[in-house]
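K.L.:
The primary structure of each chain is shown beneath.
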Amino acid sequence: MRLVVDLNKCQGYAQCAFLAPDVFAMHGEEALVYNPRAEEEQREKLARAVAACPVQAITADGLHGAGAGSDEAARESSDAH
Amino acid sequence: MPTDYLDRFRREGRIVIVGASLAGLRAAETLRAEGFTGSLTMIGDEPYDPYDRPPLSKAVLLGKASALHTDLPRRREIDAKWRLGVAATGLDMTAKRVRLADGDEVEYDRLLIATGVRARPWPKESEADLDGVLLLRTRDDAAALYRRLKAGPRRVLIIGAGFAGSEVASACREMGLAVTVAERAGAPLVGALGGVIGSVSAELYHENGVDLRTGVMVTGLESDSVGRVKAAHLSDESVVETDLVVVSLGSMRNTEWLTGSGLGAGPRGIACDAGCRAFDFRGIVTDDIFVAGDVARSPHALFGYQFLSLEHWGNAVAQAEVAAHNMISSSAERRPHLWVPAFWSSQFGVNIKSVGVPPMGEQIMITQGSLAERRFVGVYGYQGRIIAAVSFDNTRWLEFYERQIERGAPFPVEFATVDRRPEGRQPVDAAFPDPSLPTHGPTVTLSGYSPSDRQLVFTPARH
Amino acid sequence: MSQAPLLRQITDYANRADPYPLYEELRKTPVLHEEEGGPYVISSYWDIESLLHDPRISSDFTNLAVASEDELSGPEATGLPPSFIRLDPPEHDRLRRIANSSFGPPHRPTRIDSMRGELAQIVTDLIDGFGDARKIDVVDQFAYPFPVTVICRLLGVPREDEPRFRSWVDPIVAGLDPDTRTSAESMKTAQEARLQLGMYLNGLVEQRAREPREDMLSDLVNSHGPDGAMTTMEVLSTAVLLLIAGHETTVNLITNGMLTLLRHPEYLRRLRDDPGLSVKIVEELLRYEPPVQLVPQRTCIADIELRGVTIPKGSRIWLVLAAGNRDPERFHEPDRFDPDREDIQHLGFGSGIHSCFGAPLARLEAQIALAELARRLDNPRLVEDPPPYRPNAVLRGPRHLEITFDALR
Chain U
1 MRLVVDLNKC QGYAQCAFLA PDVFAMHGEE ALVYNPRAEE EQREKLARAV AACPVQAITA
61 DGLHGAGAGS DEAARESSDA H
Chain Z
1 MPTDYLDRFR REGRIVIVGA SLAGLRAAET LRAEGFTGSL TMIGDEPYDP YDRPPLSKAV
61 LLGKASALHT DLPRRREIDA KWRLGVAATG LDMTAKRVRL ADGDEVEYDR LLIATGVRAR
121 PWPKESEADL DGVLLLRTRD DAAALYRRLK AGPRRVLIIG AGFAGSEVAS ACREMGLAVT
181 VAERAGAPLV GALGGVIGSV SAELYHENGV DLRTGVMVTG LESDSVGRVK AAHLSDESVV
241 ETDLVVVSLG SMRNTEWLTG SGLGAGPRGI ACDAGCRAFD FRGIVTDDIF VAGDVARSPH
301 ALFGYQFLSL EHWGNAVAQA EVAAHNMISS SAERRPHLWV PAFWSSQFGV NIKSVGVPPM
361 GEQIMITQGS LAERRFVGVY GYQGRIIAAV SFDNTRWLEF YERQIERGAP FPVEFATVDR
421 RPEGRQPVDA AFPDPSLPTH GPTVTLSGYS PSDRQLVFTP ARH
Chain A
1 MSQAPLLRQI TDYANRADPY PLYEELRKTP VLHEEEGGPY VISSYWDIES LLHDPRISSD
61 FTNLAVASED ELSGPEATGL PPSFIRLDPP EHDRLRRIAN SSFGPPHRPT RIDSMRGELA
121 QIVTDLIDGF GDARKIDVVD QFAYPFPVTV ICRLLGVPRE DEPRFRSWVD PIVAGLDPDT
181 RTSAESMKTA QEARLQLGMY LNGLVEQRAR EPREDMLSDL VNSHGPDGAM TTMEVLSTAV
241 LLLIAGHETT VNLITNGMLT LLRHPEYLRR LRDDPGLSVK IVEELLRYEP PVQLVPQRTC
301 IADIELRGVT IPKGSRIWLV LAAGNRDPER FHEPDRFDPD REDIQHLGFG SGIHSCFGAP
361 LARLEAQIAL AELARRLDNP RLVEDPPPYR PNAVLRGPRH LEITFDALR
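Chains as they are written, first to last, in this note's numbering: chain U, 1 to 81; chain Z, 1 to 463; chain A, 1 to 409.
Hints may contain errors.
To be verified - Restricting the straight-line Cα-Cα distance to at most 27 Å, the calculated cross-link-like pairs of lysine-lysine (BS3-like) are:
id	chain 1	residue 1	chain 2	residue 2
1	U	Lys9	Z	Lys124
2	Z	Lys81	U	Lys45
3	A	Lys28	A	Lys313
4	Z	Lys96	Z	Lys150
5	Z	Lys64	Z	Lys150
6	Z	Lys81	Z	Lys96
Claimed, not checked - Distance ranges between label pairs, derived from CB positions:
id	chain 1	residue 1	chain 2	residue 2	range
7	Z	Arg335	A	Phe130	43 to 51 Å
8	Z	Ala33	A	Gly117	35 to 43 Å
9	A	His400	Z	Gly176	36 to 44 Å
10	Z	Gln426	A	Glu329	38 to 46 Å
These aren't lab readings, by the way, just hints derived from the structure by calculation. Where is the CB? At the ideal position from N, CA and C, for every residue including glycine.
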């Protein structure tokens, strides 16, 4: 699964790093580093991370059938601001 | 009639996007999302699907991701014809054709140019070709650099202490490698954030064991008998023995292919209006050529309508969306690109972010936290207004300052803020270097009011 | 016209079961200031969001122009120094960083993730404990004991001490309710429990200082990062904060969740077939029925202009998160519970530097709890709708949630 984090939006709440620690990690207190390609077995945790991001900064595709109940393959990081 | 044309164009028109990276991809997705059903051709000089670049100098060098696996996720299907691994080499505006490196020509009704930038190479070609002299911009660059770093060079020399150079230096230290950084200015990040912040960055360098040489230029690279780099000579007469040199001198805009096309394109990018329509060389706006991303330079209402070139990830996305929307909209429905510049970098475990245009700032004041603790918010002022802000590990406050910038709020910041220290009560000179001496890779280039203006760097009036 | 002030209606217990029409009324005056000396009440999504990131806003009661005795001692009233929830930077940041170094990334990146199996086991044991009963109280038999057990495991309270620990926590949490707080007897019980808990934790802290283990208390007392270690008093104050702030909120999240699902049975059905749906259900719950309805403990250290109203320095500011979460300027059909919405975002955990410390744990707890209740209860039904609520208007949730079901799977 491919993913990207909009690090302009990211404010270091680290929810993704808590919930999917094999994909996302904090480098220091606030900076996020992540693997833009997540392995298949990370699907469920990645879905949790995407949903939990308080600023909707994570876009992932290939989450289809993630059990997140969504028909959408991708969670748009469309900005409602 | 125009509505008829637009309807037909949206149904069966031909759009060509030159540049298959972040801006190109997001533009294509926006076109489809907004109902464009005609033909879409994506042209890219690299033989890869659109991939993301910021991880290349961060997660990849930290060993947390593979250079070959940073492909961008798709927001939707775009049903495009892909011409990857073939660079565009020319544009015929009259015939509405893009020429490709393999001799092919592709016709368009409307064209989006998103060719971005490339790394500025080491100026002496023979030295640039030495084994062990690397750049960092593309996926291939990152893969090569990571391989070399893993092989354990004796000492890495990084030329240029902009954001990219700093991120590489940080990764090297994390891998336990000896690293020297040579920077022409007085401190790292000076071109982008000024000397006050630059000195904080310099402390980070020192604390993390980087051998930082400032106020020097690399005058030459020396090779051994088999063409491998072995040393660098500096302008202060010193010699750095090194077996791996990373040239990090900022970037160059990919506009050479437009030479002679009649488009208003040059080394500073392609001038366009706030609606992303390109200007021709006479300063007349075109109606079928649009520009987005790093290669564009467009006027911004918040910053005195100066033309800004932004090498910012978020700008590429926002501008691509606006350009795509405008490409398939009537003039009344078009939107301006008014994104507030925003930027991030992480180095030595510190998260650095900025909003607005720091290089326009004359003065800076630390409104929260402290430089010494390396956790703070700094606010830049220009002619009595807040023009930009920067944070070190304090990003959650930044959106407040972004709104202050949007409102043109007064500077200095007189109101009380939490965690204001005595040092932050008075503004000080932001200490940007003389703008006629550009340092390595400021992330915002102010390039003057007029699209036909030929000066290389706009010099704002200073007191 | 002759109605009571809006704020008094919101805090009025009679409106506890459904405060949302009042919030809608509230949003008509986005900056509401009904009484001299009373709070400025903020209720629109964007205004709340922006004030949570505004450096002129303080969480420190000493910045109030007029603070009450109660506020200065804090509802925790433990005699401990203030915990980071009521401090501003730089003290807030320092204590929260140290606390975080025992809890999450970058120092303890897998502490919460690695608890998932344990969380599931606790939930299984609690549901197994329903036995042959076909009528249970979700609060007392499930939502209430679950988070206390979790916090015990996290802090490192030995299993054999968990019942004792809970016997102290119960009266303390009960004592937080504004109504019971006025009863002298419950105050005395809570005070006694606090003392006991404090002494117990103190002993545990000393022990962990000597013999560190893989738990949060050990990390807190032995932290050697650039921020140094917490003092024993700070450790105790942080532990009590985690305990209290993390408890009632999680109880309410789970209980509100079950109540909402029982009112929207199609999602309960879907959740039974697809436990992954719990992820979106919990996010939407945090928007639709947030456990913390409002943040009453903020003030401003400068005059603030908002929507043409000047909020004078030192004023009390209430941020009504639950009203912002239903703001039609932000959300399409805000009053509809819709876990399928594309754009789920919320103020349920606050935002900015004080955003909920325990959010990732609360998320996992609620996801696992609701998915398991949905899976194992056959044909669950509400006994009473609305259920009886706790008096508290801030930490709002049912006191009991009685349900019946046909069988346990």
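K.L.:
Now tell me, hint by hint, if it's right for this structure.
P.N.:
Hint-by-hint comparison with the structure:
For the hint pairing U:Lys9 with Z:Lys124, the CA-to-CA distance comes to about 40 Å; that exceeds 27 Å, so the pair is violated. Our distance criterion of 27 Å between C-alpha atoms is broken by Z:Lys81 and U:Lys45, whose separation comes to about 34 Å. Among the hinted pairs, A:Lys28 with A:Lys313 is consistent with the structure: their alpha-carbon atoms are about 24 Å apart, no more than 27 Å. Pair hint Z:Lys96 plus Z:Lys150 does not hold up; C-alpha atoms about 48 Å apart against a cutoff of 27 Å.
The suggested pairing of Z:Lys64 with Z:Lys150 holds, with an alpha-carbon distance near 13 Å, which does not exceed 27 Å. With a C-alpha separation of about 18 Å, the suggested pair Z:Lys81 and Z:Lys96 falls inside the 27 Å cut-off, and the hint holds. Evaluation of the 43 to 51 Å hint for Z:Arg335 and A:Phe130 yields a failure: the beta carbon distance comes to about 57 Å. Under the hint 35 to 43 Å, the C-beta atoms of Z:Ala33 and A:Gly117, about 41 Å apart, fit the expected range.
A hinted range of 36 to 44 Å for the beta carbons of A:His400 and Z:Gly176 is inconsistent with their spacing of about 59 Å. Roughly 39 Å separates the CB atoms of Z:Gln426 and A:Glu329, a value that falls within the hinted 38 to 46 Å.
Hints 1, 2, 4, 7, 9, counting from the list given before, are not met by this structure.
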